Amino acid sequence: METRATRIGFGIATALVILFLWIPILIILAYAFNGSVLQTWPVQNLTLHWFHEAWNDQEVRSALWLSVKIALITTAFALVLGTAASFAISRFQFFGRESVSFLLLLPIALPGIITGMALSSFYTFAGIGFSIWTIIIGHTTFCVVVVYNNVLARLRRSSPSIIEASMDLGADGWQTFRFVVWPVLSTALVAGGLLAFALSFDEVIVTTFTAGAQTTLPIWILDTIQRGQQLPVVNAVVFVVVVLTVIPVIVSQRLTQDSGLLRRR
Amino acid sequence: MSELAQSGAPVRSARLRLSAELWRRPWLKVAGLLALPVVAFAVVYLGSLVALFISSFWEVDSFTGKVVHTWTLSNFSTLIHEPVYRQIAFRTVWIAAAVTLADAVLAFPLAYFMARLAPPRLRALLFVLVLLPLWTSYLVRIYAWRTILAKDGALNWALNGIGLPDANLAYTNTAMWIVFSYVWLPFMVLPVYAALERIPDSYLEASQDLGGRSWRTFRSVIFPLALPGIVAGSIFTFSLTLGDFITPALVGGANSQFIGNVVHNYVGISNNVPLAAAFALVPVIVMAVYLFVAKRLGAFEAL
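Protein chains in written order, with my numbering: chain L, 1 to 265; chain D, 1001 to 1303.
Honestly, the hints are just simulated from the structure, not real lab data.
Treat the numbers as computed from the prediction; the structure is a model and nothing was measured.
There could be a bad hint or two in this list.
[Unchecked claim] Cβ-to-Cβ under 7 angstroms is the rule here; a few derived chain D residues that face chain L: (1) Tyr1045; (2) Ser1137; (3) Ile1148; (4) Thr1172; (5) Gly1243.
[Claimed, not checked] Anything over 10 angstroms on all C-beta distances counts as not near chain D; from chain L, calculated: (6) Arg7; (7) Thr40; (8) Ser121; (9) Gly173; (10) Ser186; (11) Leu189; (12) Gln230.
Built from N, CA and C at the ideal position, the CB exists for glycine as well.
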């Protein structure tokens, strides 16, 4: 249908846009191995020294540990809330169904600064002091929706009648869950959980408003970039952050592609 | 099924009865499932938005620096009457619009190629190549551009390599425009792709049969059908740019303040939450209007 010239034109444009998307990421990854303390391009005298330096930096370590803790607990919350909500939305018709799904989407539809500001005024309002939990609540608001979307997509593709069949065969609620529902959902849950982890792990905007004086890894990166010191260490940390977020995303992509028990049979 | 044998008979019958009971009364199950998420969400999130809204009508006492809980419109009149705020709001919205336009132009050929020209395996690869940058820390991607645009960065190195002079883009509004367009591009590609993929081949054939050349087919068939996708993508690019303060802080210059920077400073540094809350309502109102228009254009079906 498309003429040859159109095809070639679109092909070239596609290649250019993909390069535009990837070159900056590859450049910043390369900086992690820069032997020079100056941020000049091209990178010189490749070294692993900065990884060593970053690993031994006390601030980086505690920031990393805080971020990991937050991401793990957030993921757990998101899994529970997102799964419950997706079950209710997909299996039942009830009053206010539309507004519930809209409510879940709101934290990602509104700019992060609104969520952050709103939560921070809520904490002041309620007299809650900043702690790890204020950050976790902030992250949970926008992580629920990733789990919700993943589980909802899986539930829509599986038939609710398998649950009825299980009950007819004499299984109780727990057994139905353990032997029927869980095998169908497990990969969607893992995928949603990984995405929630990745999302929470590198979030900055909501975090700046809900952290108070605490330093998560992204906040440490932001502060250090703005101060302009220790940039080689930042580069090494950035490399690790990219790897730590990209791996869960790739794994979750794989998991949702071949979609659980029902498809394979 | 060892579980069956293990559980004692009375316990088991009780569990069965409970399951059956729940099955017969779906609303109980709905209540059980939804109670936790809805309460958590409604209380924390909606409560927060309401708190934000209310505090925009409060005021900071200039002597004590404490928030005074009396109703006033003074924050809004400050925002309207001080030219600085108007300028910042205008800059934010203007750059958000420019970013949206740039993303639409960049995303279209890629989305078209993915949806209609690429063989399945290449399409899957392109999907990964578009999605991965989206999930890569956005702070990292902004930082990457900060180093690229710097004086000794990769951009000037490349330009000098082909005999061109330095591009002095670091810490300018142009730099912000490039970086925003870069960071949000995947958000535009995906909905445009979804819209283009849904166009049946027969529409294009029909257009050609009726004598439409490539350009005419694009203008009269493809573009109108892709428009809801573009509008859907623009919701992200526009809204995310409106609310951002990291990009202006890292790649913007002295005259690059966004609404987000002001809000962030007022909350974090000068502790003037009421004024910050009032200013933060600007992106919310702009987005509400935008969403209303987008809904009219049928963008939600393309999401």
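Which numbered hints does this structure break? 4, 6, 7, 8, 9
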